[in-house]
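Trainee: Next come the chains, spelled out residue by residue.
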Amino acid sequence: MIERRTLAIGLPDWRELESDDQLPTEPLRINMGPSHPAMHGTVRIVITVEGETIVGADVEVGYLHRCFEKECEAATWTQIFPYCDRLNYASPMLNTVGYACAVEKLLAITGEIPLRAQYLRVITGELSRITDHLTCNGASAMELGAFTVFLWMMKAREWIYAALEELCGARLTYSWVRVGGVATDLPSGWIERVRRILAKVRRAVDDCARLLVDSRIFRDRMEGVGVISAERALSYAFTGPQLRSTGVASDVRKDHPYLVYDRFDFSVPVGARGDSYDRFMVRMEEMSQSMRIIDQALDNLPPGPILLDDPAISLPAKPEVYNTIEGMIRHFKIIFDGIKVPPGEVYGYTEAANGELGFYLVSDGTGRPYKCRCRGPSFVMISALAGMIKGGGVADVVPTFGMMNYIGGEGDR
Amino acid sequence: MSAAILSALRERFGDSIAATHNYRGDETAVIAPDALIEICHFLRDESPLAMKCLMDLTCVDYLGREPRFEVVYHLYSPTLRHRVRLKAPLTDGEDPQIDSVTQLWHSADWYEREAWDLYGVRFRGHPDLRRVLLYDQFVGHPLRKDYPKERRQPLARRAPAPDEET
Amino acid sequence: MIDVKRIERHRLGAERSFLPSVARGMVTTMRHFFENLFARRETETLRYPEERQPYPPRFRGLHRLMLRDDGTLRCVACMLCPTVCPAHCITVEAEDVGPGPEKRARLFEIDELRCIVCGLCVEACPCDAIRMDTGVHAPPTVRRAEAVYGIRRLSERGGRSIAVQGGAPDWRPR
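Chains as they are written, first to last, in the working numbering: chain A, 1 to 413; chain B, 1001 to 1166; chain C, 2001 to 2174.
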């Protein structure tokens, strides 16, 4: 007969126990490490589980910290645009538009940006918002097992990337926005191509909705999972779709309109219960609203210049640089010295795909920022994750984390 | 936006408000660090102010100026849609400290950890002040102006690649 | 007043049996299947490398240095592109060209591994000497040193430029 030792001192022998509940247990610490298919943006969650229930969690970020602020302090205001593209890499145009709006607020030229440039920023920004929501919803659906939805959304995203590549020269690293406007105008036929693409994207998103939205499997996995109350969400400074899913109707485009958003007719989708299903549906609906905005903007796109013609701020057109000495001097001064922003500080904020993207800029009068702080919406929202997954199962971490849409680029910066 | 916030602050906390400005439309108040908790309670709990969100908490290093560090708070009211910026200059030289506002807003938790991590500002009363973006073994506070941008602190040293200059 | 659209959550009726969504899903996916089989509308697969995705004209790829009509480099070593490059990947050294007002580049190197393909150097050049319109990516290399492109490799694709030496007489837009 095999002798079995008691599992802990002071407790009865296992043969004398009446039920399994009396077995001594200790919580198990599991590492959902940064290198994990579901931990987008390289996040590490160390969860403490008892059985399948999470009793504690520690979220660790910083694996994608790339010293954005330090690099910006050594770069001119224009050289920061490629860095901003790489912040929220799922919707790069919104970051550069946000940064440009902040610098223009600091220069007090917000009202002088040419109208066409503002419309173009809105159109490309909303296209980027659609790509971000396609990425978030598609990847989360894939993690729940709906691989088809992921592939259809990625296909839709490819069409949008092709349109933006045609405009800017790259699929993600656009460096297209400039202080005072945008760098290049639309290629011919772009507007018609974008309209065709939007029709295709709408069909693809409708198909994905048909597969998921009322499916019992999907609803069971997403409803009631990762719930957060509106009050707690506000205390954690939630913004964007995550906040709107809790029922708070807060959107920078409506509350503090910037660029030409006040000219467009669009709704702000709002959830009710603050769970993952609401976040998914808010994003699906936001894609439709973005397409509405783009349609209206394309219909009303005014002709005109795309860059403010101010010798202190923007580069002159190339024929002037090649052929006149004044253009050459203006060109040299702006590139060597950078844009001379008067000393001061400003907090410029816009509605990025994940929420309020803020730039706190401090200028010391030179062509380089003294401080360029990026307030990425993801950073503070993921700190609430630990509380949201407590009490749930390990499998619930995946949709909750997916729907929080932590983008390492803007969270860790 | 209206200057009602700044006038309410000046009326209630006159001595602790060193300066206010409205540069480019951003209402800003430079406050004494000792009055931070009181002022934040006032801004959050008074109904005409209702600053339920701490949108951003960061620090600026004005090397060469005394006080060197300044902790900057951006508060927002989602119901009333107004904002205010609070700036608290810290005079503690090498070990700057200020009270933590984690009791008031949960978002302060990670923002203060980030300010500690990158600037070395200590927040009194923070439940768990440790590094958030950098690894624990990192030495120094890199966003300070006297930390050189080119310094590398690799955690794992690797042998140089065959074609790499050492 | 903000125009709010509330997300509806339908009660799961017959859906509780899982079957309606199975049927709906199968109809949707089979529709895609037959559309791809017969209409080939949205199959995105390309038989690479025989079929390639055409790159748009503005695609930013490998750099090239443009040449003057007599075959020398357009570059006058003005140092604008090394200054504006956010990645500091361009190294330019100037030399005197003899009698006359211009300099030229004795050394012009771009470390394509460091390049972030932002196109700011093209925007900065006042002579249309550098462009990124080659339509190819910087090819992968085995050694780091092979990715540092010097004048010879950069000017292999150089050609006719839009900038006119000395200024075009009729450049002003009418």
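In case anyone wonders, no lab produced these hints; they're calculated from the structure.
Note that beta-carbon positions come from the ideal geometry of N, C-alpha and C, so glycine has one too.
Be aware that one or more of the hints could be misleading.
To be verified - Calculated lysine-lysine pairs in the BS3-like style (CA-CA distance at most 27 Å, straight line):
1) C:2103 <-> A:318
2) B:1145 <-> A:340
3) B:1149 <-> A:70
4) A:254 <-> C:2005
5) B:1087 <-> A:70
6) B:1149 <-> B:1087
7) A:340 <-> B:1087
8) A:254 <-> B:1149
9) A:200 <-> C:2005
10) B:1087 <-> A:333
11) A:105 <-> B:1145
12) B:1149 <-> A:340
Unchecked claim - Computed footprint of chain A on chain C, listed as stretches where at least three residues anywhere in the stretch have a Cβ under 8 Å from a Cβ of chain A:
13) 2005-2015
14) 2057-2065
15) 2072-2085
16) 2091-2097
17) 2120-2129
What the hints assert, rightly or not - Example chain B residues on the side facing chain A (calculated, C-beta under 8 Å, incomplete):
18) 1026
19) 1030
20) 1053
21) 1055
22) 1056
23) 1072
24) 1109
25) 1138
26) 1139
27) 1142
Trainee: When the structure is checked against the list of hints, which entries are broken? Sort them ascending.
Mentor: Structure breaks hints 8, 10, 16, 19, 25, 26.
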